[in-house]
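Protein chains in written order, with our numbering: chain A, 4 to 513; chain B, 4 to 513.
Hints are not guaranteed to be accurate.
Identical copies carry no separate label here, and so any pair may be met within one copy or between two of them.
As the list claims (entries may be wrong) - Straight-line distance between alpha carbons at most 25 Å, and here's what the computed DMTMM-like set of lysine to aspartate or glutamate pairs gives:
no., residue 1, residue 2
1, K125, E501
2, K485, E341
3, K141, E397
4, K141, E130
5, K137, D385
6, K159, D267
7, K232, E378
8, K137, E198
In case anyone wonders, no lab produced these hints; they're calculated from the structure.
There are 2 protein chains.
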Amino acid sequence: MFESAELGHKIKKSVYEQEVPPLREALLDAQLRLAESAAFPVIILVGGLDGAGRGATVNLLNEWMDPRHIQTHGMGEPSDEELDRPMMWRFWRALPPKGKIGVFLGSWYTWPILNRVNGRTKAADLEQSMERAKRLEKMLVDEGALIIKFWLHLSKKKQEKRFKELEKNPLTRWKVTDRDWKHFKAYDKFQEVHEHVIRHTSTAEAPWLIVEGEDAHYRNLTVGKVILKAIQERLEQEQVVPAKILAPPLMPAIDNLHLLKTLDMKQALSKDKFKVQLEKYQGRLNVLTRDPKFKYMSVIAVFEGNDAAGKGGSIRRITGALDARYYQVIPIAAPSEEERAQPYLWRFWRHLPRKGRVTIFDRSWYGRVLVERVEGFCAEVDWMRAYGEINDFEAQMVRHHLLVVKFWLAITKDEQLRRFEERQRTGFKSFKITEEDWRNREKWEEYEQAVCDMVDRTSTLLAPWTLVEANDKNFARIKILKTLCECIEIKLKELHEEGIDYLDKPKKDR
Amino acid sequence: MFESAELGHKIKKSVYEQEVPPLREALLDAQLRLAESAAFPVIILVGGLDGAGRGATVNLLNEWMDPRHIQTHGMGEPSDEELDRPMMWRFWRALPPKGKIGVFLGSWYTWPILNRVNGRTKAADLEQSMERAKRLEKMLVDEGALIIKFWLHLSKKKQEKRFKELEKNPLTRWKVTDRDWKHFKAYDKFQEVHEHVIRHTSTAEAPWLIVEGEDAHYRNLTVGKVILKAIQERLEQEQVVPAKILAPPLMPAIDNLHLLKTLDMKQALSKDKFKVQLEKYQGRLNVLTRDPKFKYMSVIAVFEGNDAAGKGGSIRRITGALDARYYQVIPIAAPSEEERAQPYLWRFWRHLPRKGRVTIFDRSWYGRVLVERVEGFCAEVDWMRAYGEINDFEAQMVRHHLLVVKFWLAITKDEQLRRFEERQRTGFKSFKITEEDWRNREKWEEYEQAVCDMVDRTSTLLAPWTLVEANDKNFARIKILKTLCECIEIKLKELHEEGIDYLDKPKKDR
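Extracted from the complex, chain A is given alone in its bound form (with noise of 0.2 Å):
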């Protein structure tokens, strides 16, 4: 796999000085064709072996590109704030929106290589990363960015020779540290861990680009020339028009039955009774919360339902039991100009709470496969591919120890004309009801199909669907709450059986 990089690749100095003015003309160039198009994100990891040029690499990018427009990412030690979200979110907040390039030093490869070679981690948990990385590479191409991905090589007689000539400079001696030499004790070890990772990640949309590292000319020009064909090509690329799904349809509602129906839609609690339980559930939610343990978790609660069954009330029952400083509510809209800029998760990416809080989607990610695809916003093979990216999603969530709730509020159609009526009629409640919402209700089987579609494919034993029978207000507020603090009481058991141990299981794989 490396033969080719330790053939002792060599540009002439004179050749170099020629060749390099006019690539970073033409590089230049074409970032600013990226840029003003803002057609798609170029993301560029540099991977790679010690004394490799690895960071004379990401230096010499940013040296000859438009700072504006391109942005480098060291990505070390995690922070606090890092430690504390799914292991992935780091490279999520950094990823780099349409129009930009973004330069990773370190990537989502780094962490489960160093893990298993030092043998913190096992030869399955280098597989989970792998597929893992594969998942978000595969979605970040789908959703148009180009992924150039550099691993720099030297072989094992050239990295010995590259440590020892900075040793005896004394300028450079600072470069070879003690973390230099152990790891070149281990380059086999290196050596067979990356061949592996490399087989299994070289990928059709993003494949590993292995260049030899020793001289750098021919390493800069090989880096910079392959930027530029890959960023033109693009460029002259018609629009991708997305692929025809190629997938049966799902599943057919032949005897007219599904899963709302089911709904015992009649189900009421009387005034009084709510306000008993309504007083006990919020107590409960808040003791809870205020559990030891609770620092070690975080919870998202998910809510989506038809227009009008009363989600914004719900939540307010909810964040009226906690601690202003602790809680969040997102209302999801429209997205606005630098999230259509990013890949459509990205949005939600950015508000996973701390450990120890609590954040309220009040609509979420499901619009993909609700509004997005009953109204045509985005192609089939878009809201089809993303039932399996938002269980990828939900996962990662749930194995950092996020709690994710959702509730799906069901009212019947009668009921939704009811209360449209009424918002209509109501001075102060009028600003609630629009033309979107009539034209919305027109559609109404449509959306009914694509909640059971979302049920049937995002309900999971992780990340269950709770389905809230909503004509009465009452009832959903209660069942809501108390769903919310069955869940958040058996995380809480969990944590504290699982003893501190815990803490030490999402830095495994980082």
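Since the structure of chain A is provided, determine the placement of chain B on it from the hints.
Same frame as chain A, but now just chain B:
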């Protein structure tokens, strides 16, 4: 995940009897159009719970469809033949060609799930099996297949009821076995694993469709309608144009140095030395293949090289040392009609040797990234994904103790010219040289680039390439024999050291 399949879906007899005749007619019509167009193969997996009607569903499909164009595969315990090959081989060889429908009762998911529930494998083994399954399905879809995956479900209560009903009736009592009741007791454990597998392997291109299994009318109509719609929609779709490749270009040759140029092409061996060494290594090879452990492994030798590089002569020096009953030489020319109706790897899968045998491929699956790439016989996106598919394929072989030894026979452009001219002059050799050989020669540099990319991307620790300097035939033949002997020695040593355990390893995952 199973919510919608526990609602008690039912279709009345009268409705069923009304709907079936037109459905059957439409299915036959679609099947005929599929067979006539031979546009794509249809792969139907029928999985699910005991008693949920898997067998009945398969019988029904056979009853409804034209038996000339549908074939059912009951995948129970693997045969001896199958145990001798990689786990996926039994599925590879059963895949339907274009225009046909293949129904699998039991699939690549069956054994991984059973082994996991029975505790014979770890969670990590299941993950790996799922990844392999996903990669296989992705490859099949990329090659044009329509994959429909049905999961027939029953709630715990319904499964118990079903077994009891069957047991009460003397005519159906035999259908319920001890194994069924054993599985029923493990219902919850099964469901947990099932949910996990369905969630992780419901991809956009091949999602699982969960069907409630209790009511036969509902089940039959659902399965029939989904298949009909899927085939109809695909037939109506225009030719699927392969997506443009979105990846960066492979490594540019900016300093004009590449792997092939570093070979010392002057290496040669005198006739006398050759004779001595030929005898030595042929003897050694013969002894090695008679090692008592050799019957637990097999050898795949791959020969690729420039035209006239001497593949045939080298192969004859190997087979000269082998027992004719235990080896096969497979010359690869253009694919047959039968082979063109299958994924491109199919024509190699079919020739995989049993344990204790040697198979020599004179040209191989690498044609995909050599001649097919250079001559434009397949799209860039197809040969780009082939590197990963080939690595997967070889990893599966190696995992099953098939030793994969790959030789690239390199000659210089001048030497090729000399040999071409000699062939033309020599009557009994002139059949060997064609117009095509001269045409290929004109693309010498493009082929070189393809060879270097191939070695870079598929020379792995599991199955490395050996580059053979073949200007001197004697030298080349000895290098090949020697390399082959060494590889077999290492593999035999491993088998001796591993003891008898290795026999169980591949079994685990079936």
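Right, here's what the structure says about each hint:
Both within a single protomer and between protomers do K125 and E501 lie at most 25 Å apart by alpha-carbon distance, with minima of 21 Å and 21 Å respectively. Within a single copy, K485 and E341 get their C-alpha atoms no closer than 37 Å, and across copies no closer than 62 Å, so neither meets the 25 Å cut-off. Proximity of K141 to E397 under the C-alpha cut-off of 25 Å is found in both arrangements, the shortest distances being 17 Å within a copy and 23 Å between copies. Proximity of K141 to E130 under the C-alpha cut-off of 25 Å is found in both arrangements, the shortest distances being 16 Å within a copy and 18 Å between copies.
Taking the shortest alpha-carbon separations for K137 and D385, both the intra-copy value of 17 Å and the inter-copy value of 18 Å come in at or below 25 Å. For the homomeric pair K159 and D267, the shortest alpha-carbon distance between copies (22 Å) is at most 25 Å, but the shortest distance inside one copy (70 Å) is not. Taking the shortest Cα distances, K232 and E378 sit within 25 Å of each other only across copies (22 Å), while inside one copy they are farther apart (37 Å). Taking CA atoms no more than 25 Å apart as the test, K137 paired with E198 passes in both settings, with 16 Å inside one copy and 22 Å between copies.
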